[in-house]
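Asks: This is what each chain is made of:
Number of protein chains: 2
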Amino acid sequence: MNTIPPNPAILADRFKTLHYDPDERAVVLLNRALYPHQIEYVPCHTVEEVARAIETMVVQGGPPLAYAAGLGLALAAPTAEAYRQAAQRLLRTRPTADDLHHIIPAALERALAALSAQQEPQQAILRYVNGEIERGNQVSRACGQYAADLLQDGDHVLTHCIAGAALCWMLWIAKHQDKTIYLIPTETRPYLQGARLTAQCAKELGIDVTLITDGMPAHLMSQGMVDKFICAADRITLDGHISNKVGTFQIALAAHYHRIPFYVLGYDGPDPHTESADGIEIEWRDGREVLYCGGQRTAVSGIKALYPAFDITPPHLISGIVTDRGVFAAHTIRQYFNRV
Amino acid sequence: MNTIPPNPAILADRFKTLHYDPDERAVVLLNRALYPHQIEYVPCHTVEEVARAIETMVVQGGPPLAYAAGLGLALAAPTAEAYRQAAQRLLRTRPTADDLHHIIPAALERALAALSAQQEPQQAILRYVNGEIERGNQVSRACGQYAADLLQDGDHVLTHCIAGAALCWMLWIAKHQDKTIYLIPTETRPYLQGARLTAQCAKELGIDVTLITDGMPAHLMSQGMVDKFICAADRITLDGHISNKVGTFQIALAAHYHRIPFYVLGYDGPDPHTESADGIEIEWRDGREVLYCGGQRTAVSGIKALYPAFDITPPHLISGIVTDRGVFAAHTIRQYFNRV
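Residue numbers (numbering that gives the first Met the number 0), protein chains in the order written: chain A, 0 to 339; chain B, 0 to 339.
It is possible that some hints are incorrect.
Here are the simulated DSSO-like pairs of lysine-lysine, each with C-alpha atoms no more than 27 Å apart in a straight line [what the hints assert, rightly or not]:
no., chain 1, residue 1, chain 2, residue 2
1, A, Lys303, B, Lys178
2, B, Lys178, A, Lys227
3, A, Lys202, A, Lys174
It is worth saying that the hints were derived from the structure and are not from the lab. Model, not experiment: these values are computed from the prediction.
Could you build the full structure based on these sequences and the hints that come with them?
Replies: What follows is the structure, encoded as structure tokens:
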């Protein structure tokens, strides 16, 4: 790995997309709802502003939104009561991904410990969260390395939504292994993360990108145009289910039907607190978001819509879960904790 | 069927969406690329204008575009050579649906016969095509009747793209059978036929509509929120494959996985000239159409895109093909021609 140059994709390094600015006393977030059509950094000066930024997808993706929330905790008034209330508010933002539900309690614990020890609670939070961001960057790179090793020269890789920093590292490392990879992102309605974020990452990495709509994966598979399906997961259960952006499940079904490998970029493994799929709360977002595209009304007036943000794919449809500790069969992902 | 009032959905009656205007000497088409956001009737004064209207989706759907092409043939100069060239131009517009490839040769034959008999070729074309439109309306109603009989009170019916006049009749007749039906259209990117045309039809019929994106069908099925999947087909082969708007295949896979019935509105049955799937040419449209939504750029610059307009679903995934002559198992759809 020493021969791999720095990864040029902005989304490969979370510090480039979110940080705490001590001069502004603000959490500064790259607005992923607009990126890359507009490059806008949003300063959040209060816990509530950070919470709303998470809810409105200014920051999205399991780890990034958890980091934003963690930094956001540092904006609370330095009292135990204020930190507890801020933690509750931040935990309420989004239910499905597990990272948020690890980082906020851990950051709160450090703040309360610092208060008890009459030390700086804000510094304790920032030290912890920045350490987690750094650790997450390393996890992403290691996960991307294992994923790159699964790719073959000439592979056409279908992906859905944005699989984040590990995808950036997978593509970058594969490129430096002299493998030519063709990336096929689904556009991923309603937020178009594939058409915007994934496509932009691949562009920055010099990877060939061919966009499709969310209805096309099965047809391309039937035509022999897809070699692997690779996406991330917002949560992995101990028995090998994954939740990810809605749409993943039906692509996984199509991949299984066509005997095309489906690998999950699993970063730092399963959620130790979630035994199986019934422990995952699927977020229902405002259905009105489906009636619009890029701020423009696309549907007729006077109708309803539904927006389940995630779906769940069972382990028998998954060929392997790629983590920073190697590749696991979905059914045995629990062993992640035994491997170092 | 005598007790059913006239169908109020505009798309239920093809004469309301396209006709030949003798005063204007034009084929007048409801612009389905804009409907219902804008109500625009496009007059086409030449064969070339009709051909381009078909290519740019001003008129879409297997039968409607075939009718538009048939009427368009009447705009050619009244010579055998002009009719033959016009027929070739119109046949080149779109390859996948079979109706076009039935109506144009038959209309040409009638024009040439009229010329030989020193009769009015234009009148011969219009008489034939208007007769086909009238027949198509009756087929749609009969097909819709058989489909309505398959529905149960309270059914949540998922549909994809726009299944046309038969869908309008199915919903209207079911309503007059005192069945409450909940329609769940996929929006159907890139043209959003579901968000526009299907949703509008259901609104006009007073049917409850809940829109979803193209990535959501499998998840809704997994949650017990879909009772039946029903769509149309642009072509049905003699061995029971169907081609329909891209996205149909992966919804059919998801329906099969969840043991949810998938019915195809098959209108007047299979194409007698297409034995199996390898006889269907899948149209590849300009990939750039995937980079936009409603005229607005949605994808980043500098990337490619693919737009296969249709996909193919094999018979083992289909629960039944509903025609104007009743419901057939997909594998036995060939028997359509034996039933009257």
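Asks: Take the hints in turn and mark each one as holding or not.
Replies: Against the structure, the hints:
no., hint, verdict
1, A:Lys303 / B:Lys178, "20 Å, holds"
2, B:Lys178 / A:Lys227, "44 Å, violated"
3, A:Lys202 / A:Lys174, "13 Å, holds"
Checked against the numbered hints above, the structure breaks only hint 2 and satisfies the rest.
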